[in-house]
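Throw the hints in and build the complete structure from the sequences for me.
Number of protein chains: 2
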Amino acid sequence: MPGQKFASRAPQNPAGFANWLVFAFLSGIETRYNAPMKLLTSFALLLFSFAAVPAQQAAPAPYAAKTLNELRTIQRAALKSDYALNQTAYLSNNIGPRMSGSLQAQRAVEYVAEEMRRLGLEVRLQKVMVPHWVRGVETGELTEFPGMAKGTTQKIVLTALGGSVATPATGLTAEVVVVNNFAELEALGHKGVEGKIVLFNNKFDSELADSGFGLQAYGMAVAYRGGGASAAARLGAVAALVRSAGASQDRLAHTGAMRYDPKVTKIPSAAVTYEDADLIAYLARMGAVKIRLVLTPQTLPDTVGYNVIADLKGSERPDEIVIVSGHLDSWDLGTGAIDDACGVAVAMQVPFLLKQLDLRPKRTIRVVAWMDEELGGTGGATYALEEAANIAKHVATVESDLGASHPIGILYSAKPEMARFLAPISDVLRSQGAPLAESRPGGVGSDTGELSRQGVPSFAPYFNTQTYFKYHHTAADTFDKIDPKNLAEVGSLTAVLTYALADSQQPLPR
Amino acid sequence: MPGQKFASRAPQNPAGFANWLVFAFLSGIETRYNAPMKLLTSFALLLFSFAAVPAQQAAPAPYAAKTLNELRTIQRAALKSDYALNQTAYLSNNIGPRMSGSLQAQRAVEYVAEEMRRLGLEVRLQKVMVPHWVRGVETGELTEFPGMAKGTTQKIVLTALGGSVATPATGLTAEVVVVNNFAELEALGHKGVEGKIVLFNNKFDSELADSGFGLQAYGMAVAYRGGGASAAARLGAVAALVRSAGASQDRLAHTGAMRYDPKVTKIPSAAVTYEDADLIAYLARMGAVKIRLVLTPQTLPDTVGYNVIADLKGSERPDEIVIVSGHLDSWDLGTGAIDDACGVAVAMQVPFLLKQLDLRPKRTIRVVAWMDEELGGTGGATYALEEAANIAKHVATVESDLGASHPIGILYSAKPEMARFLAPISDVLRSQGAPLAESRPGGVGSDTGELSRQGVPSFAPYFNTQTYFKYHHTAADTFDKIDPKNLAEVGSLTAVLTYALADSQQPLPR
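Chains as they are written, first to last, in this note's numbering: chain A, 1440 to 1949; chain B, 1440 to 1949.
It should be emphasised that the hints constitute simulated quantities derived from the structure, not laboratory data. Hints are not guaranteed to be accurate.
Stated by the list, open to error - Listed next, the in silico SDA-like pairs over lysine to any residue satisfying Cα-Cα at most 25 Å (straight line): (1) K1594/A / E1580/B; (2) K1801/A / V1562/A; (3) K1594/B / V1548/A; (4) K1519/A / L1542/A; (5) K1630/A / E1614/A; (6) K1924/B / D1866/A; (7) K1729/B / R1515/A; (8) K1505/A / D1866/A; (9) K1642/A / Y1529/B; (10) K1702/B / H1571/B; (11) K1594/B / K1642/A; (12) K1642/B / D1919/A; (13) K1594/B / G1602/A; (14) K1594/A / E1614/A; (15) K1705/B / G1675/B.
Right, here's the structure in full:
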């Protein structure tokens, strides 16, 4: 009887035995007690069910009742506060664009540090060697195309990609070849590409983005922005244009970082607007299209920038750290309001609110305004490196870097047990329309990515990113795109989440 | 008895008498027949009612049954045709922006003339002396503002207004003063304005535009674009900026024509985006804001342009003319697809469809591609002047110059009796969602305005202009903004309307 060998493994301790009985019952295992066991098993199952309830109730609650009350107090104060709004306005309007290595970025560092000191936090500036790329002239024009009036050209709206090398100062003129994806490029081969400008006409998937999957749509488009130039250069192209990796419909070019394969010739690379990509593709179907590009960006030697690190010391476990953060650098075309002055502002607002409410959590809340998220990611990398010995003391990170539309909940990357720690937070946030807590593997923040890879649970506001991907990395990323009510909700979510994580009475799972 | 003198005026002929009786009855006039007359009157009224029905039926119908059938045939063909779409694409993509006096405008003239000849029309080019204004460099930057990082500036997105004079080539720097309207400017007086750059921060009323009153919203904003510079110069300002007269939310500046008061110093004038207007207003509330402007447009001597005039001769009354038209020139920032390649294209499509269907109306259909609607309006003015002796033979004008969104019907400017001529047309257009016929006093077309003032009935497609005012006069007025289905509907409406007016069996009221 096969049942016998199973029965012989029946555990000896009562709880183990009850579990085993349930397992045996559910598995339909035949035992030597067979028929009489069916009844006994049912009885044991009943007993076990009763035993399980007190066992669950006894599992210590993540938060004290006092903490839960405080979360609601923080929420109310945040939803009424205009602190984050004013900080977003100041960073974007008064300081302006804050490219890595720029004077404005440095001014922003000093401003945030001063503001955090004013709130009584312990502030230090963490030195980061950042790339220093400076945009120059950038013009494009069609110099030959079917139907062209003799003696004219037609202007193309474009913007150099971050990290691109320059064309000759007098420009570069070549015929354009249009491909929709890497496979089409490969199919053209060296013969079809050599000496030409390649236009990667891969369309940003707006329908996917509008369905709540903006990051996925962005990821697909970014492959061409990041790697298009080297793929084209491998086949002898002289420059690469990419259709903007974004959802703008307003002749706005989306800039962004690109990288060169060190084994391949560096060729200039720029993003054209979706309108210009359509125009070039239309004309190229009719006949030869030549483009003259003038791009004069400069890659200067790496320079010094800073992460701003400001600690609100914990009352019971000051050595344990919950990071709340956004990135202080921005692109240069707009004023970086949605990407990411608002993220820094809601992080700054956390200690502001706690001071206002005279609250101090058990663990240390560390506000970080990251430097160089956009161009090199050196701020986050430097932090992770310098804190290598102290990673275990980082219990959680929060980063907001997807704008400030209405947040619908929390994204997180952590052990499944974290769900139990988030449920009470979601209960609080439900009243502001942010009841979700969705797990995403692999980290949910850019600057906090390395910490996440080393096991630190990471958290972020969960947005519909439809608006974000319409404006981010364009000239239209400006303060007016911030809706005060939505920003207040992001501020509330950030403060409630951060305080809860820092004040939990149980260790966070990792 | 007062009735006696009325009775003595009773007409002698039977119809007149019946009418008089009705009048007397309805007026309660007392006659010397008084009581017996009441009965008689009632009887007469009954008789008259019967008489009136055949009398109305006898009123000649505007259109023959054959014509009404043909309208439905034309509609079906138009809704399936891609002719107008291809013409719009060619004018905007292959020829590109078509500023008055430019090589592209000349190329467009030749293209349309050739295409009309190809369709077998009698074509002539009408010489027009057009203004010749050429955009130059145009940059703006904030050189001083509260919070500015030392050694930096902040870029402002702007575009020179058509007709503006230049700044010195090295630029012009001055403090900005922000006003919301002319009254605030006047309140500042000479002392508050002298030596400064005035920003007119009048907001385009998007809510009004979204409610279907785009033209009204536009008219209110255009007052500042057109007259702001001279109003500011009168008080000693050195330059004038206006918040864009349009609904863009994408850091797109809307250009457009401005005019100088000849008695006042000419100062440079440009439109800033709504984002930049907001930014400047925000900073100016905090302290001094200085702007450096470099605008180098040139006003060259007037040059020769052409209206393209192409006649499809009428079969019965070839001397009577129905104009169908759009304007061929455009602004230079975009490619003038919605303003107004699509208007020219739907006009060109009318003879195309009639040739395809082998239809020829009683009157002559005259396709006109107007030159210089945007900058000087010289095309329409020249036409009206040269046709002065022939105005009576112009029985109607159709002009489409508000883009190509879904048309909801017909706008017209004519005698009230015209309603009877439009009802059968609206019946046909109802099936495509364009059942309205709305009267607007004072003309419904820009280039046809002078003819309208001289009594020629004018017609236009009736649109919700929400999309139009978001893109018109900006870099984003490009071919992709044309929705093929909507354009087909505009083409259908234009062809049905034009053919009906040209083929009516009754004279059009005027």
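How the hints compare with the structure:
1. For the proposed pair K1594/A and E1580/B, the alpha carbon gap of about 23 Å is at most 25 Å, so the pair holds.
2. Of the pairs offered as hints, the one joining K1801/A and V1562/A holds, with about 19 Å between alpha carbons and a cut-off of 25 Å not exceeded.
3. For the hint pairing K1594/B with V1548/A, the CA-to-CA distance comes to about 21 Å; that is within 25 Å, so the pair holds.
4. Our distance criterion of 25 Å between C-alpha atoms is broken by K1519/A and L1542/A, whose separation comes to about 33 Å.
5. A hinted pair counts as satisfied when its Cα atoms are at most 25 Å apart, and K1630/A with E1614/A qualifies at roughly 13 Å.
6. Only pairs whose Cα atoms come within 25 Å are accepted, and K1924/B paired with D1866/A is rejected, the gap being roughly 48 Å.
7. With a C-alpha separation of about 40 Å, the suggested pair K1729/B and R1515/A falls outside the 25 Å cut-off, and the hint is violated.
8. The hinted pair formed by K1505/A and D1866/A meets the criterion: a straight-line CA distance of about 15 Å does not exceed 25 Å.
9. About 23 Å separates the Cα atoms of K1642/A and Y1529/B, which keeps this hinted pair within 25 Å; it holds.
10. Distance restraint check for K1702/B and H1571/B: the Cα-Cα separation of roughly 22 Å lies within the 25 Å cut-off, and the hinted pair is therefore satisfied.
11. This hinted pair does not check out: K1594/B and K1642/A have alpha carbons roughly 29 Å apart, beyond 25 Å.
12. With a C-alpha separation of about 14 Å, the suggested pair K1642/B and D1919/A falls inside the 25 Å cut-off, and the hint holds.
13. Simply put, K1594/B and G1602/A have alpha-carbon atoms about 21 Å apart, close enough for the 25 Å limit, and the pair holds.
14. Distance restraint check for K1594/A and E1614/A: the Cα-Cα separation of roughly 15 Å lies within the 25 Å cut-off, and the hinted pair is therefore satisfied.
15. A C-alpha spacing of about 11 Å is found between K1705/B and G1675/B, which places the hinted pair at or below 25 Å, so the restraint holds.
Hint violations for this structure: numbers 4, 6, 7 and 11, all remaining hints satisfied.
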